[in-house]
Amino acid sequence: MPPPMRDQDQHNLVPVDFDPFAEGELSRTVSATESQKEIWTAVRLGEDANCAFNESVSLRFEGKLDAPALIRALTLLVERHEALRTTFSPDGETLCVSPSGIAHVTSEDWSVKNPEQIKAELNSVIRKAAADPFDLEHGPLARFWLIRLSDSLWELIISAHHIVCDGWSTAVLLKDLGPLYAHAKNSADQASLPPPTPFSQYADRLHERDDSETCEFWIKKFQSDVPIVDWPADHPRPPLRSFESARIKTQINQELVSTLKSVAAKHRVSFFALLLAAWEAYVSRVTGSEDIVTGIPAAGQSAAGLPEVVGHCVNLLPVRSHVTTSQSFAELLAQTQLSLLDAFDHQEYTFGSLLKQIPIGRDPSRVPVVPIQFNLDQSIDPQSLGFTGLNVEFRSNPRWFENFEIFINLTESPDGLEIETQYNTTLFRPDSIRRRLAGFETLLQAVADRPDLEIGRIPTVSPEERALVVDTWNQTTEPHDGSTTVHDMILQQAARTPESVAIECGSERISYRTLDQNSRALADRLMEMGVQSGELVGLALERSIDMVVSALAIWRCGAAYVPLDPEFPKQRIQHMVEDSGLVAIVTRRTLADEFPSVQYGLAFSDDKSTEGSGRSPAEAHSEPDALAYVIYTSGSTGTPKGVEVPHRTVVNFLETMTRNPGLGPQDSLVAVTTLSFDISVLELFLPLTVGARTIVATEGETRDGRTLGQLLQASGATVMQATPATWRMLLEAGWRGGSNLTALCGGEAFPADLAKELIPRTARVFNMYGPTETTIWSTLHELESEESTVPIGHPIGNTQVYVLDGNLEPTGIGVPGELFIGGEGVTRGYLGKPDLTQKRFIDDPFSDGGQLYRTGDFVRWDADGRLVFSRRLDNQVKVRGYRIELGEIESALIQHPSVAQAVVTVYEPQPGDTRLAAYCVAENSGLPEASILRSALGKSLPGYMIPQHFVSLESIPLTPNRKADRQALPQPELDSHAGHNYREPSPGAESQLAQIWSDVLRIDQVGAEDDFFDLGGHSILATRVVAQITERMGVDLPLRRIFATPRLSALAEHIDALETLNQGENADPKTSESREEMSF
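Heads up: the sequence shown is residues 2 to 1081, going by the numbering used here.
Derived by calculation from the structure, the hints in this document are not laboratory data. Don't be surprised by glycine CBs; every beta carbon is placed ideally from N, CA and C. Some hints could be false.
Unchecked claim - Listed next, the in silico PhoX-like pairs over lysine-lysine satisfying Cα-Cα at most 20 Å (straight line):
(1) Lys120 with Lys221
(2) Lys176 with Lys186
(3) Lys65 with Lys186
(4) Lys357 with Lys221
Unchecked claim - Label-pair ranges, simulated between beta-carbon atoms:
(5) Ala266 with Lys840: 43 to 53 Å
(6) Glu955 with Gly602: 39 to 49 Å
(7) Glu138 with Glu733: 50 to 60 Å
(8) Arg269 with Glu309: 30 to 40 Å
(9) Pro100 with Gly1035: 55 to 65 Å
(10) Lys840 with Ala715: 41 to 51 Å
(11) Gly663 with Thr325: 21 to 31 Å
(12) Gly927 with Glu138: 24 to 34 Å
(13) Gly663 with Leu241: 40 to 50 Å
(14) Lys176 with Ser153: 37 to 47 Å
(15) Glu788 with Asp416: 35 to 45 Å
(16) Pro499 with Asp608: 47 to 57 Å
Please work from the sequences and hints to get the whole structure.
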């Protein structure tokens, strides 16, 4: 198609031999605007993307309508506005304007149908208007339906593509249609309406203007970095973004709107500035981000002084705001007003042009920069449209596809403020969107009442939702004996069932009677040594019956035990002994040389010489608030810190565990966890409080999946608790499960693939969660079916859990926040560390006199009142501006059949160069090449989540508590190609592609393993590559293929495969992928 000639009088219109509507007449051309080119590029992603630009409205007429006159008026409307007679050249560069045209009207009479039929079929037509793609090359780009519903009721549906008709233009069309209908009805012409400025004249102005100053303004806003607004999603984000959408309508009452307008007037800002400031504050609170970008559509007609122009004149303004929780809403209001004024002063620069100039990471799963659009629309009074004698009702129709993740459109009405929210249904659930809108209204009400409130103090959760997450889901009251201790519970049980087997280990077993006697004897010796109530005694024994007996003996002295794992480094043990001030250590004679001296010396559990000596000091009395044990956990400084756990909290825990998951006298529990890990308390002592049997697995059994499986089977165990690593070890050893076994899994995140394997092998599976500071487990969740993400569940008995933001305000359902735990399980704090205790244990704002422990874990509520773990706050990873949860990558890696285990970490070989490294343990077949793993991950993860390096390990190093020891992982070997070596393209398709990439990207050397987007490619350049592939290689690829296959060698292989397929089918010379079933 020839390039357009410069002709001011004709607005660059040139006759050409192209007829978009097949009417046999010549059309004219004009260069497309940059905004139109951006839309043209976007619609090439597929039909869904195309339909995301369908604009549709309805007019319902009540009265005596002249249908033929209205159809003539619609044709006059098409003739009046050249944008409605426009199509596009195949490359999207040129508009083809027909000098005349007719309205494509579908007219139907449904007056004989029943109301139910009419409603269903009308919804179908409205959906068709929104969901049928427009053909940009052949048109028409505006469609009309006129439907007679009854003798006096008609429905007019108008649908147009956004590339020729924006929101402002729709209002212009509606305002013109009434007078045109009157003229058509009276057989008059349209001379009474002043001629509109054609869109081509508006486009000509855009082509001539100097954008340099506006360009510089926007680039400065984003030149250093581009924030990502990560709205909490309900579903996993797909690798390639989808466009499926739905709409929810809500309304803010007129009283609140009036108050908000008064606030705006008082602070000398526009009503829209107030609404936008409120939205920015809300998004900041919901996302936890202080850097917010909101897309604001700006009507180019208004800026150009051409209000009657119909066409695509809208510019998307990425308004960036820095919101801090400490600033008042009034301060944000003034800031937002200035930002808006600056943005509107520089609105004549297209969003697509900006994207080419700023450093954004390529992520095909997201809308770049502005996933959320916010707009205050002009209201349309249907009675003022000029349809004399008819009652008119206006309605904007929902879109079934949307280009943004969330589009908030506000319109003033006589009843207040209507909010239409289009949302991506692949990411969000309707109930979630309704809750967010209710939260936004709550914030609006708060700032209307008190605009001086700090942003961090403004409520963002509706009263109903707040009551649910704070009160209803924390109704966990259960019976609790606050007057007893753990050892009292065990001794009372021993008195009830003295001859029952209490503990087994290897070939040894003891009864409850023997447990009572032996623990009393050791307690006697400890008291004779000088151990008194309230003191701390070290417990340093290998896995054995004596380990349990000794702990009970220490309690009977009124003391608390401190586990000292004999396998710990001496330096760590020395610190624990000194830090806790141990007065004695219970161990074996063979281990005596391993421990430093303490005040009362060592007591040997294997020394039975004083048993039955007759010396029987009075048994010490322990209060429920006395310490039961002190567990040392890792500290952020590298120095272990001791957590003080009283009997009262342990008793509550054991009582609630007997109810759920449940344990009774008939049960046998296999204990596999080291004593230095607090979850061992459940394994060792819970069975002893109910008359069940504790089976202590030996060191060898805990480390060998085969022998542990044999123990489970031989013992007839009904319960086992273990970390995911131990459960996986069992499965890898071929364990087939136990039909009567209840599996408790905790200590770290429960991978969904592991849960999937355990569910069919066991009677019940529970995910257990809780920090040491709140006594072992605080929440639990029973898995009854396969779940993509395993929740950590509901709070246990007498426990409260709160998901709070940085200002200790509750977050809504689905909104992440830090988990705080309160109730009977909260411990004393850290031994000898009052400052740290004060920092992590805070006053409970939801109850009088209670305390909350801040876990440092990021979680969210789901709609069923279950907690879902996200990540550690101190393990947040950010790569190229994107927040990443490493567990998601690990889970995806484990899905590969060649990967048995995986741990992903980040490292920085040099400042600013943050990389991901995946450490993998292979299945028997061995670990595949990194390129294969990258390709597999690319099917479920966005590019920025694909590790640069893959390291094969024989096994994942574990801490003593059998968690992955990330500190012990080796540094990956670096190379200069960030994960692949340069390979020269092979002759044929690779070489041809390399040359095309080199020409389009303007770089000298392109390797066969290079990624198009890593080399600086973006969507606009991708369209040029596709065009060049068609021209030079004779292959017709869809644009999506570049996004789905960005590596040169893979793309070349795909093209070769298409050519082979085409040759086999004797197809046309041009190879096309159109026959291929796409799976995006």
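Verification of the hints:
1. Only pairs whose Cα atoms come within 20 Å are accepted, and lysine 120 paired with lysine 221 is rejected, the gap being roughly 52 Å.
2. The straight-line distance between the Cα atoms of lysine 176 and lysine 186 is roughly 16 Å, inside the 20 Å bound, and the hint therefore holds.
3. Note on lysine 65 and lysine 186: the hinted pairing holds, with a Cα-Cα distance of about 12 Å set against a maximum of 20 Å.
4. The hinted pair formed by lysine 357 and lysine 221 meets the criterion: a straight-line CA distance of about 14 Å does not exceed 20 Å.
5. The hinted range of 43 to 53 Å is satisfied by alanine 266 and lysine 840, whose Cβ atoms lie roughly 45 Å apart.
6. In this structure, glutamate 955 and glycine 602 meet the distance hint of 39 to 49 Å, their C-beta atoms being roughly 43 Å apart.
7. Take glutamate 138 and glutamate 733: their Cβ atoms lie about 58 Å apart, and the range 50 to 60 Å holds.
8. Remark: the range hint 30 to 40 Å for arginine 269 to glutamate 309 is upheld by a beta-carbon distance near 31 Å.
9. In this structure the hint that proline 100 and glycine 1035 lie 55 to 65 Å apart at CB is violated, the actual value being about 36 Å.
10. At about 48 Å, the CB distance of lysine 840 to alanine 715 agrees with the hint of 41 to 51 Å.
11. For the pair glycine 663 and threonine 325, the supplied restraint of 21 to 31 Å is violated, since their beta-carbon distance comes to about 49 Å.
12. The hint said 24 to 34 Å for the Cβ distance between glycine 927 and glutamate 138, and at roughly 51 Å that hint is violated.
13. Look at glycine 663 against leucine 241: about 45 Å separates their beta carbons, and that is inside 40 to 50 Å.
14. Checked against the hint of 37 to 47 Å, the C-beta distance between lysine 176 and serine 153 comes to roughly 24 Å, which is inconsistent with it.
15. Between glutamate 788 and aspartate 416 the Cβ separation comes to about 43 Å, which falls inside the hinted range of 35 to 45 Å.
16. Here the CB-CB span from proline 499 to aspartate 608 is close to 25 Å, at odds with the stated 47 to 57 Å.
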